[in-house]
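**Q** Here's the letter readout for the chains.
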Amino acid sequence: MAGADNTHEQWLAQIDAELDGELSLVERAALAKHLATCGHCAGARASQLEVRVALARSAGNPHAFVVPRPAIRAGTLALWVAVALAAGLVGGWVANHRWGGPGGGAPLEETRGTIVVQ
Amino acid sequence: MAPSSFSSVILVLSALQGPGTRLSYRIRVVEPAAVTPRVLASGAVSGPLDSDMRLTLRTDTAEVEALFQVTPFGDTVTIAGEFLTRRLVGRSRRGLPLWEEDTYRRQVRMPWSDTARIYPFGTGKLGQGGSPWVELILEREFAGGEARPAEAFDLVDSTRDVRLEAVVRPRRARVILNLVRGDTVSAPRGIDLIPDEPPRLIQLVLKGRATTLVVSLTRPDPARSARDRALARDADVVCLRVGPPDALQPLGTICGRLNNVARQLPLPTGDTLSATFAWPGPR
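Order-wise, the sequence lines are chains A and B. Everything in the first sequence is counted per the working numbering, starting at 1 for the first residue and increasing by one. Everything in the second sequence is counted per the working numbering, starting at 119 for the first residue and increasing by one.
What the hints contain is simulated information worked out from the structure, not anything from laboratory work. Please read these numbers as outputs of a predicted model, since none were measured by experiment. In this text, a Cβ means the ideal position worked out from N, Cα and C, and glycines have one as well. Heads up, a few of these hints could be off.
To be verified - Partial chain B-side listing against chain A, Cβ under 7 Å, derived:
1) S160
2) A162
3) L202
4) R204
5) Y222
6) R223
7) V226
8) W230
9) T233
10) I236
11) G240
12) F260
13) G262
As the list claims (entries may be wrong) - Listed next, with one range per pair, are the computed distances between beta-carbon atoms:
14) V94/A with W397/B: 58 to 66 Å
15) P155/B with E109/A: 22 to 30 Å
16) V116/A with R204/B: 19 to 27 Å
17) F271/B with V116/A: 53 to 61 Å
18) I294/B with E109/A: 46 to 54 Å
19) R337/B with V94/A: 28 to 36 Å
20) D16/A with R211/B: 51 to 59 Å
21) Q48/A with R211/B: 55 to 63 Å
22) P363/B with V116/A: 40 to 48 Å
23) V94/A with A151/B: 39 to 47 Å
24) P340/B with E109/A: 25 to 33 Å
Said to hold, decoys possible - In silico contact screen, one side only, chain A against chain B (beta carbon under 10 Å); selected entries:
25) S24
26) A106
27) L108
28) E109
29) E110
30) T111
31) R112
32) G113
33) I115
34) V116
35) V117
36) Q118
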């Protein structure tokens, strides 16, 4: 997305998406890098931000001065939920195999009877 | 056969067939205590040299049943124990207890009259720390002709579930037979029988009418449960096959434990044959 052949319009769309909180961390990093070198885009972003703040204030939003946090996209959220569930399942299975379940505890031989000649 | 193996067999056979040799298992069940160990129970089991001993210990969370057998070898004796244990390992989702069952065998060789210490609950931290152990001494003595097992047991702490039983397979059995019809009973007829010997002819008289039967003593079929087989629960059970003198087809079989209640078999004549099995007297 942030390739060398990005056109100016594409960067503007990226700025729009960033202010909507729709960019991933990598995309935001690419945009920030571009903004540091492109004064035109940096200005466009400031303008966009001012317009949004003005619109929000006129709509009576008391938190309009706060730049909206980037929202997590549904796909990313689903991916992380799936990863967390899988990690929990694997961890639980390993822990149950190692320590849990009925009959756990001392090694089997230690619980078995023995005969010792005095 | 190698000379050493041959001499071993001769020694075992001579020990088993020695005249009137009697084996005693002397045990003490001991529990560790703060100052000195506490004796929970003590007892002895004796019988012929092929006598086994069944020991049962139960707690709220564990149960150990073991059958001990000895094999004499000169001045030493090998004691082997077949252990069947159950341990409470938790509860099911519906709140019912979950038990873990285990079966294993242990054996040691020791001189006669030495003491073996049996840790029925293991020698781990749990077993050594707070669980009882059993001290066992094996002795042999000469006692002419006495083949019946004997048990003596003193349970010091009656809150504990400890049991000790002699397990002896009878070589002979005394069978007392009666014919019963209504409220009339024939005179008892006692007969000493040896398992798997050829059938014997007996005659019983009831109300002046003689009934002749062919009887033979057999061993029962092996127990269906592996647990019962391992613990030899039917060791003292014998079966009496009863048949008419003039036919091969038996009338029936009566099985019972020695020194237990009478068992009955209806006969085609309308009479009922009642049999009581007992240990035979000394010879």
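**Q** Next step is simple, just say for each hint if it's right about the structure.
**A** Structure-based check of all given hints:
At a threshold of 7 Å, the smallest CB-CB gap from S160/B to chain A is about 17 Å, leaving the interface hint violated. Residue-level restraint check for A162/B is violated (minimum Cβ-Cβ distance to chain A is 18 Å; threshold 7 Å). For L202/B, the suggested interface contact is broken, since its CB lies about 10 Å from the closest CB of chain A, more than 7 Å. Interface restraint check for R204/B: the shortest CB-CB distance to chain A comes to about 11 Å, outside 7 Å, so the restraint is violated.
The closest approach between the C-beta of Y222/B and any C-beta of chain A is roughly 6 Å, which is under the 7 Å cut-off, so the hint is satisfied. The closest approach between the C-beta of R223/B and any C-beta of chain A is roughly 10 Å, which is over the 7 Å cut-off, so the hint fails. For the restraint placing V226/B at the interface with chain A, the shortest Cβ-Cβ distance is roughly 5 Å, inside the 7 Å limit, so the hint holds. Evaluation of the W230/B hint against chain A yields a violated restraint, the C-beta minimum of about 12 Å exceeding 7 Å.
Look at T233/B: its Cβ gets to within about 4 Å of chain A, closer than 7 Å, so that hint holds up. With 7 Å as the threshold, the beta carbon of I236/B comes within range of chain A, its nearest partner Cβ sitting at about 5 Å, so the hint holds. For G240/B, the suggested interface contact is upheld, since its CB lies about 4 Å from the closest CB of chain A, less than 7 Å. With its C-beta approaching chain A no nearer than about 25 Å, F260/B sits outside the 7 Å limit, and its interface hint is violated.
Checking G262/B against chain A by beta carbon gives a least distance of about 31 Å; that is not within 7 Å, so the hint is violated. Distance hint for V94/A and W397/B: a CB-CB separation of about 60 Å, consistent with the stated range 58 to 66 Å. In this structure, P155/B and E109/A meet the distance hint of 22 to 30 Å, their C-beta atoms being roughly 24 Å apart. Taken as a hint, the range 19 to 27 Å holds for the pair V116/A and R204/B, whose Cβ atoms sit roughly 23 Å apart.
The hinted range of 53 to 61 Å is not satisfied by F271/B and V116/A, whose Cβ atoms lie roughly 23 Å apart. At about 50 Å, the beta-carbon gap between I294/B and E109/A stays in the expected band of 46 to 54 Å. At roughly 53 Å, the beta-carbon separation of R337/B and V94/A lies outside the given 28 to 36 Å, and the hint is violated. Look at D16/A against R211/B: about 54 Å separates their beta carbons, and that is inside 51 to 59 Å.
The beta-carbon spacing between Q48/A and R211/B, approximately 58 Å, falls within the hinted interval of 55 to 63 Å. In this structure, P363/B and V116/A break the distance hint of 40 to 48 Å, their C-beta atoms being roughly 58 Å apart. Distance hint for V94/A and A151/B: a CB-CB separation of about 42 Å, consistent with the stated range 39 to 47 Å. Taken as a hint, the range 25 to 33 Å holds for the pair P340/B and E109/A, whose Cβ atoms sit roughly 30 Å apart.
Look at S24/A: its Cβ only gets to about 43 Å from chain B, farther than 10 Å, so that hint breaks. Taken as an interface hint, A106/A checks out: its beta carbon lies about 5 Å from the nearest beta carbon of chain B, inside 10 Å. Checking L108/A against chain B by beta carbon gives a least distance of about 7 Å; that is within 10 Å, so the hint holds. Hint status for E109/A relative to chain B: holds, with the closest Cβ pair at about 8 Å, below 10 Å.
Hint on E110/A holds. Least Cβ distance to chain B is approximately 3 Å, under the 10 Å limit. With its C-beta approaching chain B no nearer than about 4 Å, T111/A sits inside the 10 Å limit, and its interface hint holds. Checking R112/A against chain B: minimum C-beta separation of about 5 Å stays under 10 Å; hint holds. At a threshold of 10 Å, the smallest CB-CB gap from G113/A to chain B is about 5 Å, leaving the interface hint in force.
Look at I115/A: its Cβ gets to within about 5 Å of chain B, closer than 10 Å, so that hint holds up. The closest approach between the C-beta of V116/A and any C-beta of chain B is roughly 5 Å, which is under the 10 Å cut-off, so the hint is satisfied. Interface restraint check: V117/A against chain B, minimum CB-CB distance 4 Å, threshold 10 Å, status holds. The interface hint given for Q118/A is met, as the beta carbon of that residue sits about 4 Å from the closest beta carbon of chain B, less than 10 Å.
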